[in-house]
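Q: Here is what each chain is made of, one letter per residue.
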Amino acid sequence: MNTRRRERIIDEVEAASWLEDGMTIAIGQPTPMALVRQIIRRGLKNLTVVDAGFSLDLLIAAGCVRKVITYYAGGGFGIPVMPAFRHAAELGEIEIWECEEGILCAGLQAAAQLLPFLPWRGGVGTSLPEVNPDLKVFTDPIKGETLLAVPPIKPDIALLHAATADMYGNVQHYGGPGWIDLFMYRAADRTVVQVERVISNEQVRADPWKTTIPAADAIVRAPFGAHPFYSRGFYVQDNEHLREYSSLSSDFAAGRTEGMTMYLERYCRRPPTHADYLEEIGIKRLLSLHEY
Amino acid sequence: MDDYSIPELMAVCLARDLRDGELLRVGVATPVAEAAVRLAHLTHGPNMELVFLGARMNVAHLDTIPMPAFGWDSRAVRWAESYSDTGHRFDRLKDWSNSVFFIGGIQVDPFGNTNLIGVGSDFRRLRFRGPGSVGTATLSTHVGRYYIVLNNHNRRLFVEKCDYISAYGWGSGGADARSRIGIPGGGPKYCITPLCVMDFAEDSKRMRLKSLHPGVKLETVKQATGFELLVPDILPTTEPPSAQELQILRTRVDPSGRLRRG
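Protein sequences appear in the order of chains G and W. Under numbering that gives the first Met the number 0, think of the first position of the first sequence as 0, with each following residue one higher. Under numbering that gives the first Met the number 0, think of the first position of the second sequence as 0, with each following residue one higher.
There's no promise every hint is true.
What the hints assert, rightly or not - With a Cα cut of at most 27 Å, we get these calculated DSSO-like pairs of lysine-lysine:
id: 1; chain 1: W; residue 1: K188; chain 2: W; residue 2: K216
id: 2; chain 1: W; residue 1: K209; chain 2: W; residue 2: K188
id: 3; chain 1: W; residue 1: K221; chain 2: W; residue 2: K188
id: 4; chain 1: W; residue 1: K93; chain 2: G; residue 2: K135
id: 5; chain 1: W; residue 1: K209; chain 2: G; residue 2: K142
id: 6; chain 1: G; residue 1: K135; chain 2: W; residue 2: K209
id: 7; chain 1: W; residue 1: K160; chain 2: W; residue 2: K216
id: 8; chain 1: G; residue 1: K153; chain 2: G; residue 2: K66
id: 9; chain 1: W; residue 1: K93; chain 2: W; residue 2: K188
What the hints assert, rightly or not - A few chain W positions that, by computed beta-carbon distances, are all more than 10 Å from chain G:
id: 10; residue: A28
id: 11; residue: N46
id: 12; residue: V76
id: 13; residue: V133
id: 14; residue: S165
id: 15; residue: F226
id: 16; residue: P254
To be verified - Per label pair, the in silico range of CB-to-CB distance:
id: 17; chain 1: W; residue 1: D62; chain 2: G; residue 2: P140; range: 54 to 60 Å
id: 18; chain 1: G; residue 1: R268; chain 2: W; residue 2: R154; range: 42 to 48 Å
id: 19; chain 1: G; residue 1: E278; chain 2: W; residue 2: T219; range: 53 to 59 Å
Treat the hints as calculated values from the structure; they're not laboratory data. Think of the CB as a built atom: it goes at the ideal place given N, C-alpha and C, for glycine as much as any other residue.
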C-alpha cells in the first residue's frame with residue numbers, strides 16, 4: 000500500500016494540459032502570466048474567462064476566448080480600453096457577461112457555498128441586469144427590499160499567482176492574497192497556483208496562519224512568473240514592456256493586427272517554456288525590476 | 000496666482016471639499032482624484048484615510064506623498080496599514096457612509112447617472128465598448144458621497160440619456176431617487192470638468208452649474224453640454240488655487256508634474 004503523501008508540483012506545460020477547450024477559467028491578480036502564456040501556446044479555444052486587463056486582452060487577441068466574465072478591461076499607458084477586448088466586443092465576436100467587482104465576488108461566493116444565488120445591492124438601478132439577464136432584480140422576502148440575485152459563477156479551474164507554496168499545495172502570499180483570488184479559489188473545481196518559490200513544508204508549518212490557500216491542486220514553480228506584472232516582495236511591474244504592448248496593439252481596434260501578432264508570436268507562442276520566455280525578456284531587464 | 004493647469008485647479012477644488020476624518024477611496028486612472036486626496040491629507044486632513052485599490056493608509060506625517068506613475072502601482076502598499084484583499088472586498092459596507100469616492104464615465108446624464116459600459120443601442124455590437132464598471136456600481140451605491148471627475152466636457156460625454164448606466168446617481172430625478180429604491184449611499188455631490196463645477200438641485204437632483212472655472216464663459220459650457228443645465232442666479236468663478244496649495248501640490252504631491260502635462 001502506498002503511504003506516501005502526494006506531491007503537487009508540476010511544470011507549466013503539464014498545468015496547461017489540465018485545461019481543455021470550452022472550459023471556464025478564472026485568472027487571478029497578480030496575473031499568473033506563465034500559465035496564461037501556456038494557454039495561448041496551446042491554442043485553446045472557446046474558453047469562458049473570468050479575467051480583467053492585460054491577460055484578458057492577450058487571450059482574446061490569441062483567439063482563445065468565446066465568453067468573458069469581467070468587471071474591467073481598462074488599458075494603461077494611454078489606452079482607455081484594452082484593444083483586443085474592445086475590438087472583439089464591438090464586432091460581437093465575444094459574448095460578455097457584464098458584471099462588476101461586487102457582483103463578481105457575490106457570484107463566486109454563491110458557487111463556493113452551493114447557493115443558487117447571493118443577493119447584492121450594488122447594481123440596483125443600473126443597466127447591468129438589462130445587459131446581463133442572468134442578474135435578476137428581486138424583492139427580498141424578509142424586508143421587501145429591491146436587490147440583485149447573482150447566480151453562481153463556477154470556474155472549472157482557477158489559475159493564480161502567489162509568493163510561495165510547499166510541495167503539498169499550501170500557498171502563502173506575501174502582502175495579501177491578491178485581488179479576487181480567494182473568491183476564485185473557493186469557487187473553482189480545481190486551483191493551480193504558480194509561485195515565485197517553493198518552500199519546505201516545515202516553513203509552512205512554522206507559520207500556518209500565513210497559509211492563504213490550503214491544498215491547491217497543483218503548484219507550478221514560476222520565478223518571475225507574473226512578468227510583466229508585479230509580484231509583491233519580488234519585483235515590480237515592467238512598465239517598459241507594457242508600453243511596448245500598448246504601442247504594438249494600439250491600432251488593433253482599427254484592424255491593424257501585425258503588432259499584436261508580433262507580440263503574441265515573440266512572447267507567448269514561440270518560447271516553449273517559461274524559462275525560454277524569461278530568456279527572451281533578458282536577465283538585465285528582469286533584474287532591473289526591483290523595488291528598492 | 001494664475002499660473003496653474005486645469006487638472007491642478009480641479010484637484011485643488013476637490014481637495015477643499017474633503018473633510019478631516021473621512022475615508023477616501025480612489026480607483027484606477029483618476030490622477031486628479033489621486034492628487035486631490037493627497038493634497039487634502041497634507042493641508043487639512045491628518046485623520047483622513049486614503050485607500051488606493053484596497054491599500055489603506057494614513058501618511059499625513061510624510062513630507063511627500065508622491066503620485067504613482069500609474070494607478071495600480073503595487074508599491075503604494077509600502078505605506079499601507081492594512082489591505083482589503085485580506086477579507087471580502089466589500090466587507091463592512093454598513094460603515095461606508097464615511098467613505099468618499101471619485102468616479103469617471105464615458106457618458107453622464109442630467110441626474111448624474113454614469114456609464115462605463117459602452118455607447119450604442121445594441122449591447123452586442125456597441126459603437127464604442129467601454130472599460131466596464133470596475134467596482135463603481137457597488138461603490139456608488141454605498142459611499143456617503145462621490146464626485147464625478149471628468150477630463151473632458153463635451154456633448155458626447157454629457158448626454159440627455161446614457162445608453163447604459165453602470166453607476167446609479169439620481170436616477171430619473173427627485174430628492175428621493177435613491178431612498179425609494181433602497182440605495183443607502185448619499186449619491187454624487189459635484190461633477191467637475193475642465194470647464195466648471197456642477198452640483199445637483201436639492202429638489203429635482205438635476206445637474207446645476209455651481210461655478211465656472213476662471214476665464215470660462217457660460218455659453219461655452221452650455222454649448223458643450225448635451226442637455227439643459229440649471230443655471231443659478233449667482234454664478235461664481237471657481238476659486239483658483241492659492242500659492243500655498245499649489246506649492247504643496249507641486250512639491251509634495253505631484254513633483255513629476257503629471258497634472259501639469261495636461
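Q: All hints, please: hold or fail.
A: Here is how each hint holds up against the structure:
1. The hinted pair formed by W/K188 and W/K216 meets the criterion: a straight-line CA distance of about 23 Å does not exceed 27 Å.
2. Proximity of W/K209 to W/K188 is assessed by CA-CA distance (about 11 Å); at most 27 Å being required, the pair is judged to hold.
3. Proximity of W/K221 to W/K188 is assessed by CA-CA distance (about 20 Å); at most 27 Å being required, the pair is judged to hold.
4. Simply put, W/K93 and G/K135 have alpha-carbon atoms about 23 Å apart, close enough for the 27 Å limit, and the pair holds.
5. For the given pair, W/K209 sits about 39 Å from G/K142 by alpha-carbon distance, which is inconsistent with the 27 Å threshold.
6. For a cut-off of 27 Å, the pair hint linking G/K135 to W/K209 is broken: about 38 Å separates their Cα positions.
7. For the hint linking W/K160 to W/K216, the alpha-carbon distance of about 25 Å falls within 27 Å, and the restraint holds.
8. Of the pairs offered as hints, the one joining G/K153 and G/K66 holds, with about 14 Å between alpha carbons and a cut-off of 27 Å not exceeded.
9. Taken as a hint, the W/K93 and W/K188 pair is honoured in the structure, with Cα atoms around 20 Å apart against an allowance of 27 Å.
10. Distance check for W/A28 against chain G: the nearest CB is about 6 Å away, which does not clear 10 Å, and the non-interface claim fails.
11. Here W/N46 stays apart from chain G, with its beta-carbon at least about 24 Å from theirs, past the 10 Å limit.
12. Look at W/V76: its CB is around 6 Å from the nearest CB on chain G, not clear of 10 Å, so calling it non-interface is violated.
13. With a closest Cβ-Cβ approach of about 5 Å to chain G, W/V133 is found to fall inside the 10 Å limit, against its non-interface label.
14. Residue placement check: W/S165 does not keep its beta carbon more than 10 Å from all beta carbons of chain G (closest about 6 Å).
15. At the 10 Å boundary, the C-beta of W/F226 stays outside the reach of chain G, the nearest C-beta of that chain being 18 Å off.
16. Every beta carbon of chain G lies more than 10 Å from that of W/P254, the smallest distance being close to 18 Å; the non-interface claim holds.
17. Checked against the hint of 54 to 60 Å, the C-beta distance between W/D62 and G/P140 comes to roughly 55 Å, which is consistent with it.
18. Judged by the Cβ atoms, the range 42 to 48 Å given for G/R268 and W/R154 holds: they are separated by roughly 44 Å.
19. Distance hint check for G/E278 and W/T219: the Cβ-Cβ separation is about 56 Å, which falls inside the suggested range of 53 to 59 Å.
The structure fails to meet hints 5, 6, 10, 12, 13, 14 from the earlier list, while all remaining hints are met.
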